[in-house]
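**Q** Please model the complete structure; the sequences and the hints are all you need to start from.
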Amino acid sequence: MAKLTKEFSKGIIAENPVLRLVLGTCPTLATTTSVESAVGMGLAASIVLVCSNIVISALRKVIPDKVRIPAYIVVIASFVTIVQMAVKAFLPSLDEQLGVYLPLIVVNCIILGRAEAFAGKNPVLASAVDGLGMGVGFTAALFLMGAVREIFGAGTFLGTGVPFLESNPMLIFILPPGGFFVYGILMAAVNRMAEKKGKPRAELRGCEACPMAQSCALKKADKEGAN
Amino acid sequence: MSKKLTVSPSPHVRSKETTTGIMLDVIIALIPALIMSVYYFGLRALLLTFVCVGSAVLSEYVCRKVMKRNNTLGDLSAVVTGLILALNLPSSLPLWMGALGSIIAIVVVKQMFGGIGQNFVNPAMTARIILMVSFPTAMAHWVAPFAGSWSPDAVTAATPMAVLAGVEGGDVSAVADALPSLTGMLFGAHGGSMGEVCSLALIAGGFYLIIRKVISPIIPLCFIGTVAVFMLIAGKGSLEFTAYQLLGGGLMLGAFFMATDYSTSPLNKKGKIIFGIGCGLITSVIRIFGSLPEGVSFSIILMNILVPHIENLTLSKPFGFVKEKKGGKA
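Chains as they are written, first to last, in my numbering: chain A, 1 to 227; chain B, 1001 to 1330.
Hints are computed from structural coordinates only; laboratory data are not their basis.
All of these numbers come straight from a predicted model, not from anything done at the bench.
Heads up, a few of these hints could be off.
Stated by the list, open to error - Derived DEER-like restraints, expressed as beta-carbon distance ranges:
hint	chain 1	residue 1	chain 2	residue 2	range
1	A	VAL100	B	PHE1146	49 to 59 angstroms
2	B	THR1137	A	THR156	14 to 24 angstroms
3	B	THR1137	A	THR160	15 to 25 angstroms
4	B	PHE1113	A	PRO70	35 to 45 angstroms
5	B	PHE1050	A	PHE164	17 to 27 angstroms
6	B	TRP1096	A	GLY161	14 to 24 angstroms
7	A	PHE164	B	ILE1031	27 to 37 angstroms
8	A	LYS3	B	GLY1074	53 to 63 angstroms
9	B	GLY1074	A	ALA189	22 to 32 angstroms
10	A	GLU195	B	LYS1065	19 to 29 angstroms
Beta carbons: idealized from backbone N, C-alpha and C, even for Gly.
**A** Listed below in structure tokens is the structure:
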């Protein structure tokens, strides 16, 4: 049980996919112009993540190693299609806001990354909990960014006006450069929080820092070459 | 004998130049422009300047304190940043927007990258662009000179740059009514940012800096020269059009005071020439082909970002350096 709690909680701060592992940057920057679309994106990706983790983990002994990536993509794409159809049917306004980024969850590196790094070699329950933790971390990061950008950039929070800011919105927060500013500052803040707990900074330290380091084809070739 | 032969590690010769001294020179050089802006736009201009400088200094102090770093107020760089930012704003801008600009310049652009000398783009210029993108209406509210800018509905005037943007093929006579005379352009009796209107004061300040050897004349000359050549071609040889383009907008302020910022411009001569020409080209292209009437601030920021690459391209060769032959000994 303690192990499962750890698998869940690591995705929230210590290994937050967006803010510490710097994965899934494109949907993060593109869909956080408002809280609604940010949370919608986060939840949609989380559902796909949990479901694909479960199925990939269950099939991990069936899928041949050489074609695992196409196999993972097929699994992920099926769930994305289901989620996309559901959103189209029940939340058409959210579908309009997310636009192309909803089908693009197929190639979201968080989902493929978890499949490759975790679900491909761990039992079903642990994989489901891992997916859930990562999904919560992703949604929380998106919510934070969406909240900051909507409050300052549009002067509203979930559509309700914020006094003063409503009449003087700072447009730059909604625009792409503002997205990068907020992203960078948030990442710095989370790095600092993790640093205080004694965890090392998430920096790009070559292959070692990559969540896929253990199973990476390039890395393996490198090792064999060295031998 | 022992007194004559002092043995000590280098440096043996020290310059008397200090950061504080250089910044003080920049402040002195900006004072004529500030006086002219108060003359044209009234005490509101002075108040906005005080707010900008005050909040720049305050945010520098607080930021250094929070980051647990040493206090750098003494080098006066925060004062310069606040002053340059103020001179880049319209005099009718709400005071809190000016203060916000200063905070962005100091906290986000300067201190987050490590403080003075570590910023990779010009803080005042970036703050101006962020304000311009965030509050497009307030940042384009150009008060006419002597209109008094205390009330928000003071008479506004189109800037010469906005008028010139509609000129086809350098024929200035078509819009002569909307433009001030060339002497008016030189003295600054037209709408615009507080500090950019009086070209004469800016040129005087620029010359002061060059004579005091605070800035090298290469960047301003290349910058202004490139704009002049480009405008002569775009205006089909019309000297009048070129003169308006040179004296209008933020060209003088940008070329003398912002493109020459030490930490965001190249070190050696070749690099400075490339930097100046690049600034001039981007400014001219935005002015002639872009939808914005003015491009000085964007050109400086874009070239700021390229500075590390310019430095790499223009590395000076060490004495006696011989290039290694290709396919030499393995």
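**Q** Compare the structure with the hints numbered earlier in the document and write down the numbers of the violated ones, lowest to highest.
**A** Nothing - there is no hint that the structure violates, so all of them hold.
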